[in-house]
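J.: What follows is each chain in one-letter form.
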Amino acid sequence: MRVKLHGTRGAYPTSSVENQKFGGNTPCIEIIAGNDRMILDAGTGILGVDFEDGYTGERIDIFLTHLHMDHVQGLAFCKPLFNPNKEVHIWGPGGSCEPLQTRLNRFLSPPLFPIPLRDIPSKLIIHELSETSFTFGKFQISTEFISHPGPTLGFRVQYGSKILAYLPDHEPVIGKDHLYPEDEWVSGFGLALNADLLIHDSQYSIKEYGSKVGWGHSSLEMAAEFCSRVNAKHLVMFHHDPAHSDTERTRMFQEFNRSSEYTFPIELAIQGQEIEVGG
Amino acid sequence: MSGHAIELILSRQLADCLSVPVFIVDPKGNLLFYNTPAEQVLGKKFEDTGQMSVGDWGTSFNPHDEEGNPIPPEGLPLVQTIKTELPAHRTFWINSLENKSTRISVTSIPIIGRSEVFSGAMAIFWDNELHL
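Protein chains in written order, with UniProt numbering: chain A, 1 to 279; chain B, 1 to 132.
Do not take every clue at face value.
Said to hold, decoys possible - Dumping the calculated EDC-like pairs for lysine to aspartate or glutamate here, alpha-carbon to alpha-carbon at most 16 Å: (1) K45(B) <-> E182(A); (2) K79(A) <-> E98(A); (3) K100(B) <-> E67(B); (4) K4(A) <-> E182(A); (5) K4(A) <-> D50(A); (6) K176(A) <-> D16(B).
I should point out that these hints are in silico values taken from the structure, not numbers from a laboratory. If you're wondering where the values come from, they're calculated on a predicted model, not measured in any experiment.
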């Protein structure tokens with residue numbers, strides 16, 4: 001199972017020359033295993049997915065963790081949506097008073113977008129997800145609501161014996177320096193337990209987090225503590241703050257590394273990067 | 001292992017921030033968490049006890065009515081909420097650690113998250129003799 005990181009940036013896309021190393025597109029990752037593929041999140045990174053290669057069938061599936069703009073803004077320009085021969089399945093969080101389609105339609109309709117959702121040429125099928133486990137092709141998928149403002153799902157994707165956990169926007173404990181000591185009180189614990197690869201929010205430095213408590217994101221330190229607690233084997237720090245230049249982000253990571261003693265590999269997500277899960 | 005539902009986890013985080021006693025139970029009435037002010041009511045520390053069954057926590061603060069008659073666990077708002085999945089409220093008396101009878105009001109609410117599953121209940125105790 002391979003993962004391609006098409007968008008690693010949080011909040012809003014950036015094309016600044018100072019953000020090119022880690023990339024400026026907002027969250028989208030593609031999971032590839034044999035002929036099976038799935039797309040997680042539809043930030044501007046989804047525009048980098050090659051739909052001509054590997055998506056020869058008529059069906060495309062896009063799984064959304066939540067509907068914050070940085071995770072859906074690429075959807076409006078995703079080519080398969082405008083292909084009448086394509087069947088696009090959008091899976092996203094339920095748990096709201098309004099259906100997922102109504103919530104998506106707020107964005108994919110005038111005046112924010114010229115075409116209402118109902119007029120999109122592809123055959124669009126919306127699936128609401130709650131806390132569940134199901135088989136999708138050869139993938140075994142589990143979802144849980146996690147700590148982030150609004151209905152937000154984390155994903156656990158298993159292919160054979162390999163496990164990917166994807167929690168791109170996550171504040172596992174709010175306003176505390178450390179996770180609760182009891183595992184069952186840690187948001188997302190079951191999703192990420194023993195994962196071969198954990199892709200996790202790490203937007204802030206520990207100092208920045210102090211002024212952004214409750215915004216739904218983690219510091220690098222919290223992401224690493226979470227990874228250690230769930231016994232995940234490899235951490236990719238995701239959802240880079242667009243206000244951080246590559247230089248600042250690198251310095252932040254170096255400072256984190258100097259004060260941490262974790263033994264599992266930790267790296268900053270880079271747009272365009274491909275990672276073999278458990279490789 | 002699976003952890004608690006996110007609505008329970010966030011309820012604990014809220015309870016951690018409050019200065020009034022808060023108790024959180026699962027659908028079976030097991031006491032999953034109580035905050036520091038609640039430790040004063042129970043006379044026990046959460047760090048020491050961990051989870052407690054309803055039989056253990058339901059009588060430990062000696063709930064009673066105005067005449068001193070004990071109130072059984074099923075008369076407590078939190079236990080009622082567990083049974084009915086509805087909010088409950090009652091004013092009664094408990095014995096403080098100094099064995100003083102204290103009049104309190106308790107409000108309990110069901111915790112039902114985005115999955116629309118009854119995850120448990122939360123009770124807030126209010127000491128009527130305190131003027132916060």
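J.: Against each hint, give a clear statement of whether it holds in the structure.
T.: Checked hints:
no.	hint	verdict
1	K45(B) <-> E182(A)	15 Å, holds
2	K79(A) <-> E98(A)	27 Å, violated
3	K100(B) <-> E67(B)	14 Å, holds
4	K4(A) <-> E182(A)	33 Å, violated
5	K4(A) <-> D50(A)	11 Å, holds
6	K176(A) <-> D16(B)	10 Å, holds
Consistency with the previously given hints fails for numbers 2, 4, ordered from lowest to highest.
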